[in-house]
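Q: For the record, the sequence lines run as chains A and B. Quick note: the first sequence uses my numbering, first residue 419, plus one each step. Quick note: the second sequence uses my numbering, first residue 54, plus one each step.
Where hints are given, some of them may not hold.
[Claimed, not checked] Selected chain B positions facing chain A (in silico; Cβ < 10 Å):
(1) L60
(2) A61
(3) L65
(4) I67
(5) F98
(6) F100
(7) I165
(8) S178
(9) V181
(10) T186
(11) S187
(12) L193
(13) A206
[Stated by the list, open to error] Computed footprint of chain B on chain A, listed as stretches where at least three residues anywhere in the stretch have a Cβ under 8 Å from a Cβ of chain B:
(14) 493-506
(15) 567-574
[As the list claims (entries may be wrong)] Okay, derived cross-link-like pairs now, SDA-like style, lysine to any residue, Cα gap no bigger than 25 Å in a straight line:
(16) B:K200 <-> B:V86
(17) B:K208 <-> A:L443
(18) B:K208 <-> A:L573
(19) B:K198 <-> B:G397
(20) B:K198 <-> A:L434
(21) B:K198 <-> A:K497
(22) B:K208 <-> A:R509
(23) B:K200 <-> A:G520
(24) B:K208 <-> A:L473
(25) B:K208 <-> A:R504
(26) B:K208 <-> A:V485
(27) B:K200 <-> A:L513
(28) B:K200 <-> A:T491
(29) B:K200 <-> A:G566
(30) A:K497 <-> A:V485
(31) B:K208 <-> A:A445
(32) B:K200 <-> B:L396
(33) B:K200 <-> A:V567
(34) A:K501 <-> A:R444
(35) B:K208 <-> A:L513
(36) B:K198 <-> A:V567
(37) B:K198 <-> A:K501
(38) B:K200 <-> A:P495
(39) B:K198 <-> A:L490
(40) B:K200 <-> A:L434
Treat the hints as calculated values from the structure; they're not laboratory data. Ideal Cβ positions, reconstructed from N, Cα and C, are used throughout, including at glycine.
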Amino acid sequence: MTIMTIILVLMVMAALWASMTSILLRATIALALASATLAVVMYSLGATLAAVLELSVCAGLISVVFVSVISLTQRTPFKDMLKQRRDRLARYWPLPLVLVAGGVALSFVHAPVRIVLPLPGGDGDVRTVMWTLRQLDLFGQILVLLAGVFGVLVLFRKEGKDGA
Amino acid sequence: MSVLLLLAPFALLIVLNVLPRSTQGAAWAVCLVLFVLQTAAAALFPFAVLDWTFLAPINEAVGFTLAVDNLGALLLGTAGLAGIAALLVGRATFEQPRARFLFSCLLLVSLIGMNGIAMVRDLFSLYVFIEATSVAAFILVPLRKGKDAFEGAWKYLILSAVASVLMLASLGFFLLSAGGVSFDAAAAALAAPTPFVWAAAALFVSGLFVKGAMVPFHGWLADAYTSAPPAVSVFLAGIVTKASGIFALIRLAPALIGAAGPAREIILIAGAVTAVGGAFLSLGQADMKRMLAWSSVSQMGYIVMALGGDPSLAVLAAGLHFFNHALSKAQLFANAAAIENRLGTRDMDRMGGIAARMPLTGGTSAVASLSIAGLPPLAGFWSKLLIVLALWRGGEQVFAIIAILTSLVTLAYFLSLQRRVFFGTVLPEWSAVQEAGPGFVVPALVLAALTVIIGIGFPFLLPFLLGGGA
Numbered sequence: 419m420t421i422m423t424i425i426l427v428l429m430v431m432a433a434l435w436a437s438m439t440s441i442l443l444r445a446t447i448a449l450a451l452a453s454a455t456l457a458v459v460m461y462s463l464g465a466t467l468a469a470v471l472e473l474s475v476c477a478g479l480i481s482v483v484f485v486s487v488i489s490l491t492q493r494t495p496f497k498d499m500l501k502q503r504r505d506r507l508a509r510y511w512p513l514p515l516v517l518v519a520g521g522v523a524l525s526f527v528h529a530p531v532r533i534v535l536p537l538p539g540g541d542g543d544v545r546t547v548m549w550t551l552r553q554l555d556l557f558g559q560i561l562v563l564l565a566g567v568f569g570v571l572v573l574f575r576k577e578g579k580d581g582a
Numbered sequence: 054m055s056v057l058l059l060l061a062p063f064a065l066l067i068v069l070n071v072l073p074r075s076t077q078g079a080a081w082a083v084c085l086v087l088f089v090l091q092t093a094a095a096a097l098f099p100f101a102v103l104d105w106t107f108l109a110p111i112n113e114a115v116g117f118t119l120a121v122d123n124l125g126a127l128l129l130g131t132a133g134l135a136g137i138a139a140l141l142v143g144r145a146t147f148e149q150p151r152a153r154f155l156f157s158c159l160l161l162v163s164l165i166g167m168n169g170i171a172m173v174r175d176l177f178s179l180y181v182f183i184e185a186t187s188v189a190a191f192i193l194v195p196l197r198k199g200k201d202a203f204e205g206a207w208k209y210l211i212l213s214a215v216a217s218v219l220m221l222a223s224l225g226f227f228l229l230s231a232g233g234v235s236f237d238a239a240a241a242a243l244a245a246p247t248p249f250v251w252a253a254a255a256l257f258v259s260g261l262f263v264k265g266a267m268v269p270f271h272g273w274l275a276d277a278y279t280s281a282p283p284a285v286s287v288f289l290a291g292i293v294t295k296a297s298g299i300f301a302l303i304r305l306a307p308a309l310i311g312a313a314g315p316a317r318e319i320i321l322i323a324g325a326v327t328a329v330g331g332a333f334l335s336l337g338q339a340d341m342k343r344m345l346a347w348s349s350v351s352q353m354g355y356i357v358m359a360l361g362g363d364p365s366l367a368v369l370a371a372g373l374h375f376f377n378h379a380l381s382k383a384q385l386f387a388n389a390a391a392i393e394n395r396l397g398t399r400d401m402d403r404m405g406g407i408a409a410r411m412p413l414t415g416g417t418s419a420v421a422s423l424s425i426a427g428l429p430p431l432a433g434f435w436s437k438l439l440i441v442l443a444l445w446r447g448g449e450q451v452f453a454i455i456a457i458l459t460s461l462v463t464l465a466y467f468l469s470l471q472r473r474v475f476f477g478t479v480l481p482e483w484s485a486v487q488e489a490g491p492g493f494v495v496p497a498l499v500l501a502a503l504t505v506i507i508g509i510g511f512p513f514l515l516p517f518l519l520g521g522g523a
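Work out the full structure, taking the sequences as your base and the hints as a guide.
A: Put into structure tokens, the structure is as follows:
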């Protein structure tokens, strides 16, 4: 078993934990762990910038946002928490089985894959691609962020006398 | 023209948000002017009477790869019209200036997203602009808050996230197997498809099916449409769902269906199941907005089914029904908003004889209902006729018959709506009800007039459409 296999198994287990736990804080930690292992995979594949972004944004920044939002919520009473845990297990117990079955099924698929790697243009640097070839997508991303800002304004704002 | 359609609303959005709060009252009017200008520009586009070459230096400076064709102009014009209707209804239903301001801003975000969808030439850019449009819609649905609205938005968000995962996976597959994600690269890969390319196409189309609320991914739509504020329902039903799911399917269909394999059959079956399923779901509804929402699912099935027909007619039929349905459904949601505003309920079992008290709402509602049901000489008749012809000429007689029979079910649920809401003697409870205000009636009258004019003028319009393509 190579180190990569161990990392991939760890990543899948962290993702499963994030989906199946009934405690939000644990789900956040599990998600950060999944992101961190994914960053290792990306780095080992040579995608250094993607790995750095995954680690800093997904494992770091987003976890901080999640934890700060969770800190604003109220703690669930212990009895309710136990019930939620049971409900969640009852609902999600097939998930690991489905995952294992899917993995086994895929290992039997030997479809011919003809990979045509894209030519990024310029000097092949990710930054060049982003800033000189994909400006339209950057514009779209800015638009998505703006929509998110409006989401915060609309959804997290207490209703005042002017109504919104 | 293309770069202006992204940068002008974006600049307006920024300016509106940096100006002092005291100026926010003007946002609604400025947005209305922008939507009217866009509609006019899109309507004039096929006639090439406007010279946009002066924009070439700006286009070059920003480096956006965009192009407008007749199909793109159709989406630009439809988005403009639906936006005008939504803004007018929003003026009447959002009483607080701050709410109206946020609504106008989110409409602008959505408009930029849809303009991008209309003009991009690349699958990744298409995905980015679909996301922008969807994120604006997630926020528009719970604009007035409330448990139902949050639930509707939550379902929309979760299913949309599934669609995003499917589409992103597809983009990775296309990048690896086609060497790029431009429409041309994807079409070239589909011309000689490997299983990997088929997987990429299937994942992308599945994502679009979720966004377009095709059966069996339709569950979110009725909750989102029903729980949204009235003006938002007009916009969502008029254009947003179609732009973020169905339009991309129309755009990609020729490449998909031209390739060997089961794509055509899958599209036909998905379209037919959605058309029939949506129609039967509409039949049993008592909530007026919910009935209209399921009807939208059914009509989107029609549009998709058309794509499996004769290639010389398929895109034209789908595009035309896309436009006609947007007109009529935006109008019907404006009618529903008028009724809810005056009666305080959407429960059709509690209504009756409302046409006597609200004749303009009743009359325009009848026009839109009959148009969607496909009765001549209204606009919907021609698009449904073209869909049936496309299917028949494409050798898909069974699907053509399904389309005709589903039209009868459509007529049945719309007649049921008319009977329960508008016909008969007015109930004493509603005897003092007055016609709705201009914010509801003006968009309904304009859209109904367009439905009639396009219907009557269609024989003169058809040679032009056939000559220029859709």
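Q: A closest beta-carbon separation below 10 Å is what the hint needs, so does L65 of chain B meet it against chain A?
A: 12 Å, violated
Q: For the pair we were handed, K501 of chain A and R444 of chain A, check the Cα-Cα distance against 25 Å.
A: 17 Å, holds
Q: Just to make sure I understand the rule, a stretch counts as covered if three or more of its residues have a C-beta closer than 8 Å to a C-beta of the chain. Does the stretch 493-506 of chain A meet that for chain B?
A: It is violated, with 0 qualifying residues against the three required.
Q: So if I understand the rule, the pair passes when the alpha-carbon distance is 25 Å or less; does K200 of chain B with P495 of chain A pass?
A: 23 Å, holds
Q: Can the restraint linking K208 of chain B and A445 of chain A be considered satisfied, given a maximum Cα separation of 25 Å?
A: 21 Å, holds
Q: If you draw a straight line from the CA of K208 of chain B to the CA of L443 of chain A, is it 25 Å or shorter?
A: 23 Å, holds
Q: Does V86 of chain B lie within 25 Å of K200 of chain B when you go C-alpha to C-alpha?
A: Outside the cut-off at roughly 34 Å; violated.
Q: For the hint on I165 of chain B, just tell me whether its beta-carbon gets within less than 10 Å of chain A.
A: Cβ of I165 of chain B sits 6 Å from chain A, so the hint holds.
Q: Are K497 of chain A and V485 of chain A close enough, with their CA atoms no more than 25 Å apart?
A: Distance ~23 Å between K497 of chain A and V485 of chain A Cα, so the pair holds.
Q: Take a quick look at whether K198 of chain B and L434 of chain A sit within 25 Å of each other, Cα to Cα.
A: Status violated; Cα separation ~32 Å.
Q: Please verify whether K200 of chain B and T491 of chain A have alpha carbons no more than 25 Å apart.
A: 18 Å, holds
Q: For the hint on L193 of chain B, does the least C-beta distance to chain A fall short of 10 Å?
A: Nearest chain A Cβ about 9 Å off; hint holds.
Of the numbered hints given earlier, the model fails hints 2, 3, 5, 6, 14, 16, 20, 21, 23, 24, 27, 37 and 40; all others are met.
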